[in-house]
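Enquirer: Take the given structure of chain A and dock chain B to it, following the hints.
Chains as they are written, first to last, in the working numbering: chain A, 1 to 680; chain B, 1001 to 1247.
Treat each hint with caution, since some may be false.
Quick partial rundown of chain A residues pointing at chain B, CB under 10 Å, derived from the structure [unchecked claim]: (1) Phe163; (2) Leu171; (3) Ala208.
Each computed DSSO-like pair below joins lysine-lysine, with the alpha-carbon atoms no more than 27 Å apart [claimed, not checked]: (4) B/Lys1147 x A/Lys416; (5) B/Lys1146 x A/Lys416; (6) A/Lys664 x A/Lys567.
Read the hints as simulated data drawn from the structure, not as lab findings.
Note that CB positions come from ideal geometry on N, CA and C, so glycine has one too.
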Amino acid sequence: MASAQGTSPLNQPSQQVSDDARGYYTPGDPLVDPVAPAGPIGQRWTQRIFDNRLVNPANRRKLDIIIVGTGLAGGAAAATLGEAGYNVKSFCYQDSPRRAHSIAAQGGINAAKNYKEDGDSTFRLFYDTVKGGDYRSRESNVYRLAEVSANIIDQCVAQGVPFAREYGGLLDNRSFGGVQVSRTFYARGQTGQQLLLGAYQAMERQVAAGTVQQYTRHEMLEVIVADGKARGIIARDLVTGEIETHLADVVVLANGGYGNVFFLSTNAMGSNVTAAWRAHRKGAYMANPCYTQIHPTCIPVSGAHQSKLTLMSESLRNDGRIWVPKRAEDCDKDPRDIPEEDRDYYLERIYPSFGNLVPRDIASRQAKNMCDEGRGVGPAVTEVGEDGREVQVRRGVYLDFADAIARMGRKAVETKYGNLFDMYARITGEDPYATPMRIYPAVHYVMGGLWVDYHLQSTIPGLFVTGEANFSDHGANRLGASALMQGLADGYFVLPNTIREYLADGPFEKIDEAHPAVVEARTDVEQRIQKFLSINGTRSADSFHKQLGNIMWEYCGMERSEEGLRKAIDLIRELKQEFWTNLRVLGTNESINQSLERAGRVADFIELGELMCIDALNRRESCGGHFRAESQTEDGEALRHDDEFAYVAAWEWGGEDGLPVLHKEDLIYTAIEMKQRSYK
Amino acid sequence: MRLTLNIWRQRDAASAGSMQKYELDGVSEDMSFLEMLDVLNEQLNEQGEEPVAFDSDCREGICGTCGLMINGQAHGPEVTTTCQLHMRSFKDGDDITIEPWRSDVFPVLRDLIVDRGAFDRIIQAGGYISANTGSAPDAHAAPVEKKKADRAFDVATCIACGACVAACPNGSASLFMGAKITHLGELPQGQPERYERVVNMVGQHDAEGFGGCTNIGECTAACPKEIPLDVISQLNKDLRTALKQGR
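Here chain A stands alone, though its shape is the one from the complex (with noise of 0.2 Å):
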């Protein structure tokens, strides 16, 4: 197969023929990877380890690295920069760096280790990602990540991470999001946690050996960009709410994604956009940001006081039987008194080949399909209806058991889901041996983020941008297990091999706290928290926030089309006006204020908020997680539009009154060709 060799294009760039959201942007100049490694795929990354100049060891510990973010990519980095001797300054909001919020992630990490000798290798590994991401990722940076990904197994084993055994002793592994290899590790259903910890205990060690400073509790509000490059960060002290100026020769964000934009998601009460906001302000440009991916099996909301919404493993839609009443007046009684004639197993009937294990997204969209037509299950939530007026709505479906326990046996299904049974009983206070539980999606993963080049590094010089933060390896759909993978890959072995390349040209010249550019971040940091203190308006942060979530979910959640989407960017712009006019922040900076640090986050959502509205208008396709109403196929199945939208929208910051700025680069395939994704 020659193009397996990956030399030649198989595709030509695309042209785009509609124009959804003419008015809403400015067409800028097409983007290019200025650092695109060339000649056969297998040998790119290897060429430019060799290639990226070395920085000897006596001039690295003259040289500063500012990180932010302590999760598998930044605590990784951190580790890894801090031993090969660099200085680094590494910043988290949380209290430790151990409880960034990679430590939730369940599933596992995929490695191509071909352990099972069942066919697996680094090219099937880049194959499975570039396809489930739908051919929206760039091929040489996920060819790379495929190729780097069993030396993380390695180095996560010798760190002692206690990853699953065999009797044997040797490593177990199982298969996981619908491949047909067993690539993937883990421990039990907390492998992020357990990799978090080995990130973290290994930069805790340089912590002791002096190369890595940790500020915890420290919020980055602003990154300082002086004579074009990035050369510092504005901080603010979490606890004394000092406004503290950190300067280095390289600024890493690792700041993790940007999912609370709707409010309810599984990520973190404080996980937020704020660090790659500020810096898309400055001039880095923010890729793809409407690729979201949506988790189907979740457990649903019990009310308006929810506060974030709790993931259970996908593998429970193996044995699982997914249902709603087929009449909307069933749907308060007892689901086992509902007999068998009267329920719709929706998803057996619209897709009688793949039944329950549809693909998350026709999963999540289906059931939102189900209680939009009023036949959701559980407490109803209020929501505001069409005519701006509030309706109550109930929001879940069923996933139901009881067929499995009739088949297994209750100790089989105790055996294999025990786990989730029990979370989910707590949570709920509903026991699911005994009645079906309820499930809905949830927000869970952001495919989109800051531009990168094949370097990992942005549109500004000397700001680097990894894990979650970054748009480079998942295209429009991620795949399970890849998170883990990417995080630790950027971090472990991208960035300490591309970071090199640049800093061999520092140490940059000394900048002070009185160059213009640092005042100026300053000032701006400073006045912004004024205003939120001064604004004495009526709300809080938490309820424009809610507000922003409910617009997002409803019309740039699972199904998207150009109706809803100026609908939203109007109603966003709108709640953008009275926030800046109506919030209310008691309280002084010079003390812990949680309202205060909601407030920036919040701010920075809404206009992250307005941007994936438009992203998302702007691409008239279907393609992994980002489904549009116009883009389906008759059977209601997701069309991805090749001609025109095979690019990388890569947006720029136009200003405060000005457009965003529409930048394309290309995705041309050399080593796989573009296929229309089928599971019939």
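Expert: For chain B alone, kept in the frame of chain A given last:
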């Protein structure tokens, strides 16, 4: 349901604090304990009173950020984290007392928020395996007996929430420390630094001002991850061995 809440309010580390009483109505049993506090805070904000500061992040019981003394019990009446405690564990008309973790080593920063930096410093003292990135052999180079691997995992689930310290009459962090020492000590990769590790971690633990262990067991009873008490026996055993070796 309607509740009376007695909550510790303290402006900052330097100020004196006191208990304040709040009445809260309309609490649903489906709320988590922290969502109940969210509702209180929204109400306080409307009334022009500063909301109660408390820590939480993942709200799914894994990050270890949250932690409150609820009616004198660390994380309240159930064996779980505060964020996974739900209001169905309480009833209409209840009086609930909410305080920050009780420990001199975890100073109050504001209201219900404490500083657990001591835990990071104990890990810095030796709670790791020294393995520089890129230096690792193939993952299958050293098989691990399944029993040991499972035990290592079981105790590695510690979330460093601090409930063990808050519950301990001696204010000891032995359970936290024992969990890490046992996790790393069960694995072949952890052997080279095993005895140096225990000496350094215990030294830091004592320097921070945590108390000694007298095997009362409140720690393991309060632990949301059910870390067993015998990790402290492992700690003691490793420490004896280390001292015999003259470390």
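Enquirer: Which of the stated hints cannot be reconciled with the structure, identified by number in ascending sequence?
Expert: none
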